[in-house]
Amino acid sequence: MLVIEDLYSGYGELKVLKGVNISVGKNEIVALIGPNGAGKSTVIKSIFNISDVSSGKVTFRDQDITGLRTHEIIKLGISYLNQGKINFSNLTVKENLMIGADQIFEPELVEEGLERVYNKFPDLRSKENELAYTLSGGQQQMLALGRSLMQRPVLLLMDEPSLGLSPKLQKELFETIAGLREEGISMLIVEQNAKKAIELADRTYLLEDGKVVLEGGKEILENEAIKNVYLGGRY
Amino acid sequence: MSLLAQSIINGLITGSIYALVAAGYSLIYSTNNFMHFAHGISVVAAGYMVYWLFTLAGTPFYVTCIITVILSALFGLAMYRLIYLPLQRKGASNVILLIASIGILTFFQNVIQIAFGSGVKLIGYIEVAKGITFAGITMTLLQIVILVISFIIFIMLYQFMQRTKLGRNMRAVSNNKELASIVGINHIRVSDFSFLIGSGLAGVAGILVALEQNLSPLMGTNLMIKGFTGAVIGGINYVPGSIVGSFLLGLAENLGILVLPSGYKDAIAFSMLFLFLLFKPNGILGKKEGRFDK
Numbered sequence: 484m485l486v487i488e489d490l491y492s493g494y495g496e497l498k499v500l501k502g503v504n505i506s507v508g509k510n511e512i513v514a515l516i517g518p519n520g521a522g523k524s525t526v527i528k529s530i531f532n533i534s535d536v537s538s539g540k541v542t543f544r545d546q547d548i549t550g551l552r553t554h555e556i557i558k559l560g561i562s563y564l565n566q567g568k569i570n571f572s573n574l575t576v577k578e579n580l581m582i583g584a585d586q587i588f589e590p591e592l593v594e595e596g597l598e599r600v601y602n603k604f605p606d607l608r609s610k611e612n613e614l615a616y617t618l619s620g621g622q623q624q625m626l627a628l629g630r631s632l633m634q635r636p637v638l639l640l641m642d643e644p645s646l647g648l649s650p651k652l653q654k655e656l657f658e659t660i661a662g663l664r665e666e667g668i669s670m671l672i673v674e675q676n677a678k679k680a681i682e683l684a685d686r687t688y689l690l691e692d693g694k695v696v697l698e699g700g701k702e703i704l705e706n707e708a709i710k711n712v713y714l715g716g717r718y
Numbered sequence: 072m073s074l075l076a077q078s079i080i081n082g083l084i085t086g087s088i089y090a091l092v093a094a095g096y097s098l099i100y101s102t103n104n105f106m107h108f109a110h111g112i113s114v115v116a117a118g119y120m121v122y123w124l125f126t127l128a129g130t131p132f133y134v135t136c137i138i139t140v141i142l143s144a145l146f147g148l149a150m151y152r153l154i155y156l157p158l159q160r161k162g163a164s165n166v167i168l169l170i171a172s173i174g175i176l177t178f179f180q181n182v183i184q185i186a187f188g189s190g191v192k193l194i195g196y197i198e199v200a201k202g203i204t205f206a207g208i209t210m211t212l213l214q215i216v217i218l219v220i221s222f223i224i225f226i227m228l229y230q231f232m233q234r235t236k237l238g239r240n241m242r243a244v245s246n247n248k249e250l251a252s253i254v255g256i257n258h259i260r261v262s263d264f265s266f267l268i269g270s271g272l273a274g275v276a277g278i279l280v281a282l283e284q285n286l287s288p289l290m291g292t293n294l295m296i297k298g299f300t301g302a303v304i305g306g307i308n309y310v311p312g313s314i315v316g317s318f319l320l321g322l323a324e325n326l327g328i329l330v331l332p333s334g335y336k337d338a339i340a341f342s343m344l345f346l347f348l349l350f351k352p353n354g355i356l357g358k359k360e361g362r363f364d365k
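Note that the protein sequences, when read in sequence, are chains A and B.
Position one of the first sequence corresponds to residue 484 (my numbering), numbered consecutively onward.
Position one of the second sequence corresponds to residue 72 (my numbering), numbered consecutively onward.
Hints in this document: simulated from the structure, not taken from any laboratory.
Possibly wrong hints are sitting among the right ones.
As the list claims (entries may be wrong) - Covered, in the sense of this in silico footprint (three residues per stretch, anywhere, with C-beta under 8 Å from a C-beta of chain A), are these stretches of chain B:
#1 246-260
#2 268-275
What the hints assert, rightly or not - Derived lysine-lysine pairs resembling DSS-like cross-links, with alpha carbons at most 27 Å apart:
#3 336/B - 498/A
#4 236/B - 577/A
#5 710/A - 577/A
#6 192/B - 568/A
#7 509/A - 498/A
#8 509/A - 694/A
#9 577/A - 651/A
#10 501/A - 651/A
#11 603/A - 577/A
#12 540/A - 577/A
#13 603/A - 710/A
#14 577/A - 654/A
#15 701/A - 568/A
#16 351/B - 498/A
#17 236/B - 558/A
#18 701/A - 679/A
#19 161/B - 501/A
#20 694/A - 710/A
#21 651/A - 694/A
#22 336/B - 610/A
#23 610/A - 498/A
#24 558/A - 248/B
#25 651/A - 568/A
#26 540/A - 161/B
#27 568/A - 351/B
#28 248/B - 577/A
#29 568/A - 710/A
#30 192/B - 336/B
#31 610/A - 540/A
#32 248/B - 610/A
#33 568/A - 236/B
#34 603/A - 351/B
#35 336/B - 248/B
#36 248/B - 161/B
Glycine residues also receive a C-beta, built at the ideal position from the N, C-alpha and C atoms.
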């Protein structure tokens, strides 16, 4: 579904990715792990054309999407859940949900999407007229995920969705993510929690210094290097 | 007592002009994040447009007003498309855009000076009229019109920002630019409209200023500073805040000269600007980032 070939990318003079090859298949969950600064987020930003891609190619459903404008990429069915400030804090919950979808869909489809998201996350329905910054951390994450789902993606790019969530909320989030796959959404997830990521994903890529150094399924949990460096084995 | 009431009314009238300038300015600032000081020249150019079309060429007044507002809006759009956007595409920082905006302001002030001379111009649409006195307060018909028109415009602007998709996109861009681009909002389109609407508001301000005061080529700088001060007082990133702040500025100036010599009007404004920048840079109603922004 998504194929990244020999991608070089960064920000201005700063070169972050140095020849990355990654693919995501239909209905597949793929995780990207690695140390800080390895370029995990930059992979996602390159797909979405908000970093400076210097060479390489990104194809989605056999179409070259390298250099397409962001809203064109969204129309093709890719949605991006960023990290950091994940909601429009001064807009209401309902406005936050609508704003992603009403750039690309007719009002009826937006309304229908709103109903689906409210059914999935009932907390959001009861708070639909509240400003987003009044929500708790977990609800913020739901809202951001809900907004991505409003765009009806077939591929969802997630940048550290569990960041800052309590273990209980993380567990719920990973259950939600597993549920999204059942609805036919493929996912590429950047995750700080390597163990959780590997367990959740069908395949995992380990990124170090802008290059993929390891790729595999759940069996890489047993890999010595992964164990030592990312799963706390050496402590 | 009536002196106090009169000062309050005068403050509201002055404030409504400042607020028209400030609303446009803060709409542009909040969606583009740089100081568009050339906004002042949009106001002055509109004033001179009225002078040229109406006083010199004899165009009917209402036609003059419509043409002026449309041209002001397009003038703003042209500044964005022909100067700011090309600079941004070359990677110009916001400081460079600020310098460019001062350059535009100076350039067009001089163009107006060359075209119309540096002397003061009068529109002469409304004969100098004896004011209407009610309960000890004197107002001219024009001043009542200024108050009513600006209030109608502010209500329309608020409804537009709250209820339309474009208004929502503008608020989203001003709240979080990075996220706005991630959800697919076309920021150039949003900037186009913020310059169109903001400069259109400057056009309205220009018409009212031209009717209420005398025109001079350099008045844009002063109006811009007052509009900017009003915006800072209320919250430069938040359009309703900048409107409220401008009214407060108008009131403070007019109430201040009850106790200070009238030459201190500008000093009051600058003192307020200084104090707010120092102690409350987000302004009275300016919004900070939410607590739970992760």
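Indices of hints not satisfied (ascending): Hints 2, 3, 5, 6, 7, 10, 12, 13, 15, 16, 21, 22, 23, 29, 31, 34, 35 not satisfied by this model.
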